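Residue numbers (my numbering), protein chains in the order written: chain A, 1 to 374; chain B, 1001 to 1374; chain C, 2001 to 2414; chain D, 3001 to 3414.
Don't read these hints as lab results, they were simulated from the structure. A quick note: this is a predicted structure, and the numbers were derived from the prediction, not measured. Be aware that one or more of the hints could be misleading.
[To be verified] Taking CB as the label site, the calculated pair distances span:
1. A/I20 x D/N3201: 28 to 38 Å
2. A/D160 x D/V3259: 30 to 40 Å
3. B/I1020 x C/M2403: 48 to 58 Å
4. A/E249 x C/R2402: 37 to 47 Å
[Unchecked claim] Computed list of chain D residues with no C-beta within reach of chain C, every gap over 10 Å:
5. E3011
6. W3047
7. D3129
8. Q3294
Beta carbons: idealized from backbone N, C-alpha and C, even for Gly.
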Amino acid sequence: MFAFTDEQLQLRESVRRYLIDHATVSRTRELMDESAGFDRLSFQGLFNELGIGGVHIPEEYGGAGLSYVELSIVLEEMGRALYPSPYLSSNVFAANALLLIGTSEQKAEWLPSITSGERLATVALYEESNRSIVANIEQSVTDQSFTGTKSFVLDANVADVFIVVARDGFDPVNPLRFWLAHSNDSGIQTIAMESIDSTRRIGRVSFENVKVERLGDRNQDHGGFGKFIDFASVALANEMVGGAQWLLESSVEYANHRVQFGRSISSMQAIKHKCADLLLEIELAKSGAYRAAQAIAAADSAFPAYASIAKAAANDAYMQAAADAIQIHGGIGFTWDNDTHLWFKRAKSSQVLFGTSEFHRDQLLDRIAVLEAD
Amino acid sequence: MFAFTDEQLQLRESVRRYLIDHATVSRTRELMDESAGFDRLSFQGLFNELGIGGVHIPEEYGGAGLSYVELSIVLEEMGRALYPSPYLSSNVFAANALLLIGTSEQKAEWLPSITSGERLATVALYEESNRSIVANIEQSVTDQSFTGTKSFVLDANVADVFIVVARDGFDPVNPLRFWLAHSNDSGIQTIAMESIDSTRRIGRVSFENVKVERLGDRNQDHGGFGKFIDFASVALANEMVGGAQWLLESSVEYANHRVQFGRSISSMQAIKHKCADLLLEIELAKSGAYRAAQAIAAADSAFPAYASIAKAAANDAYMQAAADAIQIHGGIGFTWDNDTHLWFKRAKSSQVLFGTSEFHRDQLLDRIAVLEAD
Amino acid sequence: MEWTEASVRNELRSFLEANWDPNSDLLDWRNKLIDAGWGMPSWPERWYGRDMPQSLLSVVAEEFASVGAVTVARTGIRLLAAETLLAHGNDAQRERYLRKILTGEETWCQLFSEPGSGSDLAGSTTRADLVGDHWIINGQKVWTTSAHHADFGLLLARHDWDIPKHQGLSYFILNFHQAGVEVHPLRQMNGHASFNQVFFNDAKVPRNDQIGSSGDGWQIAMTTLMHERRNAGNIFVEARRRGDFEGLIYEHEAEETKVVLAPYTWYPLRAGRVDIVLPRASDTGAINNPAARQEIAKLMIMSRCAEWTALRARAAQQQGQPQGPEGSLGKLAGSNIARQAAKVHTLISGVDAMACGNDSPESGIIAEILLSVPAISIAGGTDEIQRNIISERVLGMQKEPRMDTGPFKDVRKN
Amino acid sequence: MEWTEASVRNELRSFLEANWDPNSDLLDWRNKLIDAGWGMPSWPERWYGRDMPQSLLSVVAEEFASVGAVTVARTGIRLLAAETLLAHGNDAQRERYLRKILTGEETWCQLFSEPGSGSDLAGSTTRADLVGDHWIINGQKVWTTSAHHADFGLLLARHDWDIPKHQGLSYFILNFHQAGVEVHPLRQMNGHASFNQVFFNDAKVPRNDQIGSSGDGWQIAMTTLMHERRNAGNIFVEARRRGDFEGLIYEHEAEETKVVLAPYTWYPLRAGRVDIVLPRASDTGAINNPAARQEIAKLMIMSRCAEWTALRARAAQQQGQPQGPEGSLGKLAGSNIARQAAKVHTLISGVDAMACGNDSPESGIIAEILLSVPAISIAGGTDEIQRNIISERVLGMQKEPRMDTGPFKDVRKN
């Protein structure tokens, strides 16, 4: 359970090799200035060459039928390479919403084209206010029509379909539901939001009397939202630990080559011990992220606690890695031409998406107390 | 305002010299095993030789009539020397309760003998339960009679008089009041509590139908308790920064003499940087403690915020100094014969008396928000 | 012969069936095990073993456990001595010492650390001078667990001061039963005295009790330390493995275990007793305090993730990757966890955290935790040393300039 | 003559009464000030000053402020150049450069840091080779504020590679108006380009523009840096001192100030903008979140205590104690505060913390803080260098073994 299989290691290797070839930092820097924000050619290669469009999606919907563990490997490599693409928003988040809540008709309608990369979907979640920790959603759908503005919608600029989170205006219990809206609806307007992380696009999407379709059966999706958020937190955590690892490696490499006062700075305890502490923090965060992914794959009931552990640990490790990496690089690490800041910005944007560490730690205590009581 | 006057520096120097002579660690180690827990002879010297029995107590009550700043200097030196004595409990805490709340008759009756060291007083505060953060006091006095048990009463073993904190059973608003009880009352029983810090005695005192006298006028002492606690926190903070400074100095001295791998460990960045960080933290904590003492002396309305700053900063700096000092000393620092643990234990016991850092930080925000709004 | 799981089970079952009796004498039984090679089955047949691969030892353990059979003496330092003798001793030494290690008749301790060489073990200044047929030992060792009841010690001492420090060390078997050896307990800040100081004043070691050759000391000590690290987590395993069976032999074994484990009783406290945090937080209501919740959660996250990291390392080993310096990562994690646990215990206890003794939280356990945790980041290699190891051996960063490479007599010392 | 507060006020008031006119030409007015010695009254009379003690300068400032009089050009690097010339230049250099520094007609920058020598300034590898009457300069400098509009630079370069590194450095005045000098802006991760890279390709410095003798470079650079540290806090003081007066001269001065201060606009963001934390916490409601309260309080405690520590240091100086390396303590505190501020801003903002630009919290200020804070623990000497200084110079701890004491050509370099 705590070791990857040979197949899993091969998957990691092939994704890494693909991204080394197709997701160079220089290409990423070009994409940062382009409107789509990702490379359609290399993105299509994920489906055509690598066949990872639906790692964890059942074969009947065109996926590879593997588990969340395999998905976590793919995501870690994408995080490591800082690969800009709508994979996370469409093939993971939106696909998960469909998998978790959709009816079999909806899955059959949407998952194959998402899995093949033909259509891009994204989840629209955050409202304009009440977003200091996680989305506190008050908007609702009435008569299959939705009006309201969502922000921090990942890859909104390229989405073919939005999966909107909103309450059911007719339901007295009024839980959170997911609703499908087509991006070509005339009531939808998408504006790009400026993100500190130019390698991942976000948008503000306004819906005005937009016709939406409920995801899932009326009485079936209770608790689906919480599970969706937990799955998303884990996916993000898996991506984040890959980025943290890249930062550590690049810092060690820089330190090994940088000479000051007639000696390598990598021989100085201030630098060495910082790297040792960072390695420990990243290894712990990796374990948290791996364990949570395994728990999803195994439908382990402890999963919600593990999800909080994974996201909180990844947040702290990635941010620490980002800050330390700049510090170890010194002045050069603060320049635009050095690559460190690209990962720093990804770390910061990931840290606040789907819950800060403080949020997850507080949540963990409710969840772990239940576990321990078992 | 931010510099000590020549007179204040002389006061510090004379207290330090006195304690170097009279409060050696070897003497302190002997006292740890004796029942009284302090040296009556050197304690009397504070009054007879140094004249610091009532540094901040008005001359009409036998004091020196100086300010809280001078008191803070004396306390810092006592903390530095780890001087075991009931000075803090009697000459500071109990005297402060009298000064803050007592009627002029009560002051005239009690302060001169406390100031001269003839009588020892102490404040009895903590109840058996509800003491996780600061005292949450529910006991009350009815018909001038008090029944209840107080714990963590400093120097209870030698006190001539207890100043009991309890509510007024007849008062509908029911605020916290201070009440005088003579230790020779037959309803009082004192049991020593074991403290991790053997240089400061604590006791559990049970009161059974003990006749008590209200401190202050019936309608005058509103808010007195809060002020008392804030004053006490600051006094403790001043003592604590002295102890922290001693730990840093002893660590640097040890590091300068300790050789490993053919070089002084004081030349290793791991040790040097730890000491540099510690110096910074201690200097900041000193500034907090000094500023709060000045604010008391100047009756500055910002004082409550400063009290919380002072105690929180002193807590964290002293505990950090204690942990770092042991680490820098290595194995030897964990032995009984090495002196470091004596200060470590004082740091730990002081940290939790009158509020942990978490308590004071939370409190600070209410207090500082008021300040900033000015 | 080639062992298989089935053949191990078969043979061992017949042996146990024929010989195991919970009311037999402990010494008799252990000698039987030793003779049959079932005490240390992975050892060579020549030396009380059966040449069995490590991977089958868990099968052996299962069979012993299923009938509740007691095994050879394994607790404490003794197995480090045995493994060192197996690796570097000569046959006469193995003959003399191995059996009585396994029977438990003779106990051992480790004489490496000195007051002047803690982090820098190779800086040992205990002298070994060869005079006639004896090495004459002078100097002082410290942090010696169980020296007060040891029969023998594994001694690292310096025979040559004119060559670089790692080269001038030799390794000896020191007999405690002699006039030149004095043992004094060393009291710790938490009140325990788990360690000793050992003073040598013209103590004698017969030439035959030198292990290896002069100058091999450092290399042999590394073998001992490798086994120490490998077994560090196993000290308590034996003790916990059974207890549902009755018989005289268990009482004798329990007495032995109690003595050997006495110095280690506070180790779980030193590690912070993470296990009692949540129950205490519930009992005291601290679990509803938002500031405390944050700190408790930080602790739980560190602690769980460290557990999983250890499991990942073990799984990697099981897949055939060699054990590497990642033990240092675990040790460093342990320090962080213990420190955070101390912080949380303090926060949960409030003013109660200053009380100790029976009339204090958890009958003094909390106080003992607070006074024991400072040891964890020092004992067995400080956090600073672990960070050096991690950065150099895992991350491949460079060493500091060395100031101790010349003849040892010229190296600066305490 | 012996200055007193009264004599300063008397003389200065008469001077200002007779000469100050808010509509006068900035250059004319400054030349008047320079001629009268009121521009830099602490300087020697021979060089535009009045030999006035430092302690009376605040009186001068008060008098200028009370009538709103503009003073000589003081912002940016120029005064470091002036002080260095005063201390180490020759009379011809002072004659040529000092006045135009004070009038503001010529601007300066500092050419010390190099890509390969950041923390290790003395490791400079920019070459200075004497050929005939000129030093020929080749190499590269970096982190040069305002190089893009500088007329002159204070240049540290190496003239001798065969002697130890500190001894082989010389100090020059470099004229930017020549073909061998190229300036390229250096873009930072926060989008600003406050610094420049400066490339020298056979750039020329006349022999007369060397300051001091060959080999004096490091010592002279120390003078420049001492003045930089001393004035670090004062960059903004001048700009804030007035603004309630009207007149043409203020507009001209404001233009000048704006250009000079442009590279520094993000410095308050780099420091974490502690001032906006409480208002934002109130506005967003985060002030009611207990976890956020803890972090905000930590920030406030650090920040207040650091302020008071700076005031203590200043008060000690006013009592006659010399300024020491405690500046390093302040710098280290500043790093800690900024990092904690970034943490708090993130916590308060939640998901909003990833947005930047006008349509984001505080119109992009929060994002800029988050992307600027990493610079504070690097610029002007890293935290690691500050900790070295504090431990060695304040605490008296020992230096690390040096690996760079031999001839510079043999020292390991990037």
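Evaluation of the provided hints:
1. A/I20 x D/N3201: 28 to 38 Å: Between A/I20 and D/N3201, where Cβ atoms are some 37 Å apart, the hint holds.
2. A/D160 x D/V3259: 30 to 40 Å: violated, 50 Å
3. B/I1020 x C/M2403: 48 to 58 Å: Hint violated: Cβ distance 36 Å, outside 48 to 58 Å.
4. A/E249 x C/R2402: 37 to 47 Å: violated, 27 Å
5. E3011: The assertion about D/E3011 holds, with a minimum of 60 Å to chain C.
6. W3047: holds, 47 Å
7. D3129: holds, 33 Å
8. Q3294: Violated, since 5 Å does not exceed 10 Å.
Comparing the model with each earlier hint shows violations of hints 2, 3, 4 and 8; every other hint is respected.
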